[in-house]
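Sequence order for the protein chains is A and B. Under our numbering, the first residue of the first sequence is numbered 1, with each subsequent residue one higher. Under our numbering, the first residue of the second sequence is numbered 1001, with each subsequent residue one higher.
Worth flagging that the hints you see were computed from the coordinates, not collected in a lab. Treat the hints with care, since some could be wrong.
Here are the simulated DSSO-like cross-link-like pairs (lysine-lysine), alpha carbons at most 30 angstroms apart as the crow flies [stated by the list, open to error]:
id, chain 1, residue 1, chain 2, residue 2
1, B, Lys1283, A, Lys209
2, A, Lys530, A, Lys572
3, A, Lys597, A, Lys572
4, A, Lys408, A, Lys530
5, B, Lys1119, B, Lys1084
6, A, Lys209, B, Lys1084
7, B, Lys1084, B, Lys1128
8, A, Lys209, B, Lys1128
9, A, Lys459, A, Lys416
Among the chain A residues that face chain B by a calculated CB cut under 7 angstroms, a handful are [stated by the list, open to error]:
id, residue
10, Arg36
11, Phe198
12, Gly490
13, Asp506
14, Glu651
Built from N, CA and C at the ideal position, the CB exists for glycine as well.
Chain residues, written in single-letter form:
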Amino acid sequence: MSASPLGATDQLATPPAGPAPMVAEVRPGRGGDLWRAIRRNKKAVAGVVLLVVFLVFSIFPGQIAPYDPTAEIFPPALGVSRHHLLGTTAYGQDIFSQLVWGTRLSLVIALAVGGLATALAVLVGVSAGYLGGATDGFLSLVTDVILVLPIFPLIIVIAAYEQNAGFLTLVVVLGVLGWSYGARQLRAQTLSLRRRDFLEAAQVRGERKSYVILNEILPTMTSLIVATFLGAALYAVLTAAGLQFLGLGDPNSQSWGTMLYWAQNNEALFAGMPLWAIAPGVCIALLGASFALLNYAFDEISSPALRVRKLERAKLQTARPTPALPSPGETSDGAVLRVEDLSVAYATDAGPVVAVDHVDLELARGEFLAIVGESGCGKSTLLYAIARLLGSPLPGEIVGGRVQFQGKDLVLLEEKELRRMRWRDLSVVMQSAMNALNPVLTVSQQMEDACRAHANWSKAEIEVRSREVLRLVSIDPVHLNSYPHQLSGGMRQRAMIAMALLFTPDLVIMDEPTSALDVVAQRSLMVQIKELQEQLGFAVIFVTHDMSLVSHFSDRLLVMYAGQVAELSPTKELFDRPLHPYSQGLLGAFPSIHGPKVRLLGIPGSPPDLAHPPTGCRFAPRCPQVEPRCTAAEVPLSTVNGSLVRCVLHETGT
Amino acid sequence: MTEELLRTEGLTRYFRVGKLTGRQTLHAVDDVDLSIGRGEIVALVGESGSGKSTIARMLARVYTPTRGEIWFQGRPLSRLRGRKSRLSYSADVPMVFQDPYSSLNPAYRVSHGILRGVKLHRGDLSAKERRAELTRVLEAVGLTPDTRSRFPFELSGGQRQRVGFAQALALRPKLILADEPVSMLDVSIRVGVLNLMSELREREGVSFLYITHDVASARYLADRVLVMYAGHLVEEGATEDVLQRPKHPYTQLLLSAVPDPRAELGLADARDVGEPPKIVEPKPGCRFRPRCPLAIAECATVTPPLRELDDGRRVACHVAE
Chain A
1 MSASPLGATD QLATPPAGPA PMVAEVRPGR GGDLWRAIRR NKKAVAGVVL
51 LVVFLVFSIF PGQIAPYDPT AEIFPPALGV SRHHLLGTTA YGQDIFSQLV
101 WGTRLSLVIA LAVGGLATAL AVLVGVSAGY LGGATDGFLS LVTDVILVLP
151 IFPLIIVIAA YEQNAGFLTL VVVLGVLGWS YGARQLRAQT LSLRRRDFLE
201 AAQVRGERKS YVILNEILPT MTSLIVATFL GAALYAVLTA AGLQFLGLGD
251 PNSQSWGTML YWAQNNEALF AGMPLWAIAP GVCIALLGAS FALLNYAFDE
301 ISSPALRVRK LERAKLQTAR PTPALPSPGE TSDGAVLRVE DLSVAYATDA
351 GPVVAVDHVD LELARGEFLA IVGESGCGKS TLLYAIARLL GSPLPGEIVG
401 GRVQFQGKDL VLLEEKELRR MRWRDLSVVM QSAMNALNPV LTVSQQMEDA
451 CRAHANWSKA EIEVRSREVL RLVSIDPVHL NSYPHQLSGG MRQRAMIAMA
501 LLFTPDLVIM DEPTSALDVV AQRSLMVQIK ELQEQLGFAV IFVTHDMSLV
551 SHFSDRLLVM YAGQVAELSP TKELFDRPLH PYSQGLLGAF PSIHGPKVRL
601 LGIPGSPPDL AHPPTGCRFA PRCPQVEPRC TAAEVPLSTV NGSLVRCVLH
651 ETGT
Chain B
1001 MTEELLRTEG LTRYFRVGKL TGRQTLHAVD DVDLSIGRGE IVALVGESGS
1051 GKSTIARMLA RVYTPTRGEI WFQGRPLSRL RGRKSRLSYS ADVPMVFQDP
1101 YSSLNPAYRV SHGILRGVKL HRGDLSAKER RAELTRVLEA VGLTPDTRSR
1151 FPFELSGGQR QRVGFAQALA LRPKLILADE PVSMLDVSIR VGVLNLMSEL
1201 REREGVSFLY ITHDVASARY LADRVLVMYA GHLVEEGATE DVLQRPKHPY
1251 TQLLLSAVPD PRAELGLADA RDVGEPPKIV EPKPGCRFRP RCPLAIAECA
1301 TVTPPLRELD DGRRVACHVA E
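Isolated chain A, as found in the complex:
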């Protein structure tokens, strides 16, 4: 759960709203979903099966074990046979029966220690994280001290005082010493939750602190609490076995550790009976493995990012029609970029979701193209596909089409070649400069890194160029030695743009570079970008959700809806005479500070689920001008006076 410091501005860190739930997130609140997720996860299934077997052993040992485990009635040191599945001990007891009976103590210790340690970890960790201040200081100190204690030697000392330490002593000692690791994690998690508004909402509502901790914080941390429990249980199994092996437990108890102790005492290896030690050892390992597997599985289930899904490529490839513009090779007539029939898909539980659906696009040298649309319409995905930045951590994969840039198809380029090209000829300015800049390096160091990676300049040349580009974006070069946090939001964003211009690229790709800024800073940055573009001649693709922002700056506007091009028009045309009802809706959605005050309606409804797009026109369900023919068949793009529009009202009948 990563709460972005900038909140609104960072779509990558906040739960994506778009073609988003890449993977259906499983909330611990939903029993059914959780069970389904467990069944789908191989590690979870293995862990559960192992644990169930041991649980059955520990509940019904009398029914499963063939003999009394303590009865010394057989010949000693028998080998494996039909009567004695694992042979007998030095004292003539049946080993298999001992294993079955031993399960109970091992499991009870694991669960009891797990429970005790988890309770302590939750109490200390969550209180420290939520209450903060001096309480946090004190509790964190205690946690850290316990964390660095050499636990095993300490337990040996304590257990040695309590000769033949009973079950209770063992549980209390292990529990009291084993909670600190979990407490640290729970504290960290609580700290990150503290920034979430729902806790402040509870406070504003007038809730008591105890209610907030018990009813608002704890339920959101179920998976971490389970992980803490499993971790502590695992540690208890291993430590308890170790102590008993050393003879620090009750040697007459029935447990795997005690079996190891006797195996050692009777010199299992010299006696040629390795099974005395191997049998309980394997059981300890298996029980430990079941806890570890469940722990891993829980991690994966609760954080979808850990699960990797692969697209079934073949299916999508065959479903792909022939490209609309069959012009491979060199981009001609001054076009700096030509996107042909580009499609991007995400893998989800419900199958592949096409986030960018057969987009064609041409960008002239020095042109400013803006891409607008609601979140989830595929505008950012298209951008990252063009820059070939999809893939972890940005989900999505190009499943068809070409991106012609400087005579090369970027889709087919090797990563190595791409990397060389990316900064020199094509650079990217991200939404949140605070996340894109390295916080521990100064501006000049970061510029130097970029230069060294992409050019063979001397230190002096780099310095000169760095100063030059900073001046280009109106930042005083003294800030070369500043760290990102010392710059204001607007300056950071300018610095990002300066870095993108280090090599005078042909194309600069910008993803909402101004959305974290205030209106005044936003406008001056836009003016600056436009001036730089005119001065240096690079082309710009600019993604934004705010059409009005680019109204005075872009040459053409691409309106995307549900992964498709809805309309592509010269900017002025689009504002004066929007063709697509969706463009009209977007234009009518925001109030103005001029002119008469009119009641606006926005666009009712929300964008379609791309896993199941509506048939025919995708905007039809929200369209005020919908007709029967809209939903009959896929609507093609039509050319109307130099604009492209996907709407039956403007179909030219080709």
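Knowing the structure of chain A, use the given hints to seat chain B on it.
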């Protein structure tokens, strides 16, 4: 203005910043007098860091004012004694948060937050009446009653924000503090939430303090506008007055920067690359002075008080008239 509901007097909040050595005081909100009438929608406009959210959090009693007093229905908040009277204020003045993705607890269904509020503040209702109230508020904010059993991750941003308003509404509030409630929503659905607020005012008689950095939406929604700059209230007046004839140079700059495709690009002060200062240990004087085209010598030494011009307009500027 209608009958007064809430008023602040010299509302001030400082934060201590910096390490143990060299502790400094950040003046987040300085000496703010504002008032909100019954059934009135007041917009508090300013850039990030101007102190507008801090004001909301003082009104919501998350922060205690460093100085100054808040009067609600004629009674000072600092004299609220006992859990009961504090709870009663919380019910009268709930808050709706900016980020719909973090303001609902992901572990609970939609009904949780609403029912919990009802239970806490309206303990006299039976379980059946609480369910009825749940349905009422969901419908009042334009959601279907079956939304109650959905989890937040199943809802869109706009729907989540409506749930936020439903939670507030369930307390029978008198004033809802709406902290940038639409800034994280898509442009296409913002208007829906703005319309919802204005409907709730009509139907339920609730007042709103609408906190925003978006002047155009303030114009769409609010009766009155308060403009904040660097912790100071710099201009106040009826919405149309302020927006059509801004008096304070900062208000003028802010208005000229609002992108508007229906107007010419205002390039006159587009080169302003200044930013609001962090107000740490300030000296007297106007805080907008370094960016101000009208600044005179007096601005550097005397903090301009908020003074009344004609017809209720108040401006904190030595020069404006």
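Between the alpha carbons of Lys1283 (chain B) and Lys209 (chain A), is the straight-line distance 30 angstroms or under?
Roughly 39 angstroms between the alpha carbons, so the hint for Lys1283 (chain B) and Lys209 (chain A) is violated.
Once the shortest beta carbon distance from Arg36 (chain A) to chain B is found, is it less than 7 angstroms?
With Cβ-Cβ at 15 angstroms, over 7 angstroms, it is violated.
Going straight from one Cα to the other, do Lys209 (chain A) and Lys1084 (chain B) come out at no more than 30 angstroms?
With Cα atoms ~16 angstroms apart, Lys209 (chain A) and Lys1084 (chain B) stay inside 30 angstroms; holds.
Restraint: Asp506 (chain A) near chain B, CB-CB cut 7 angstroms. Satisfied or not?
At about 26 angstroms, which exceeds the 7 angstroms cut-off, the nearest Cβ of chain B leaves the hint on Asp506 (chain A) violated.
Would you check whether Gly490 (chain A) satisfies its interface hint, that is, whether its CB is within less than 7 angstroms of any CB in chain B?
6 angstroms, holds
Would the hint linking Lys408 (chain A) and Lys530 (chain A) be met if the CA-CA limit is 30 angstroms?
Roughly 27 angstroms between the alpha carbons, so the hint for Lys408 (chain A) and Lys530 (chain A) holds.
Restraint check for Lys530 (chain A) with Lys572 (chain A), where alpha carbons must lie at most 30 angstroms apart:
Distance of about 16 angstroms is within 30 angstroms: holds.
30 angstroms limit on alpha-carbon distance, applied to hinted pair Lys597 (chain A) and Lys572 (chain A)
23 angstroms, holds
Tell me if the straight-line CA distance from Lys1084 (chain B) to Lys1128 (chain B) falls inside 30 angstroms.
Holds - the C-alpha atoms of Lys1128 (chain B) and Lys1084 (chain B) are around 24 angstroms apart, at most 30 angstroms.
Assess, step by step, whether the Cα of Lys1119 (chain B) is no farther than 30 angstroms from the Cα of Lys1084 (chain B), and give holds or violated.
14 angstroms, holds
How about Phe198 (chain A): closest beta carbon in chain B under 7 angstroms, or not?
4 angstroms, holds
Below or equal to 30 angstroms on CA atoms is what counts here, so check Lys209 (chain A) against Lys1128 (chain B).
28 angstroms, holds
When each numbered hint is compared with the structure, violations occur for hints 1, 10, 13, 14.
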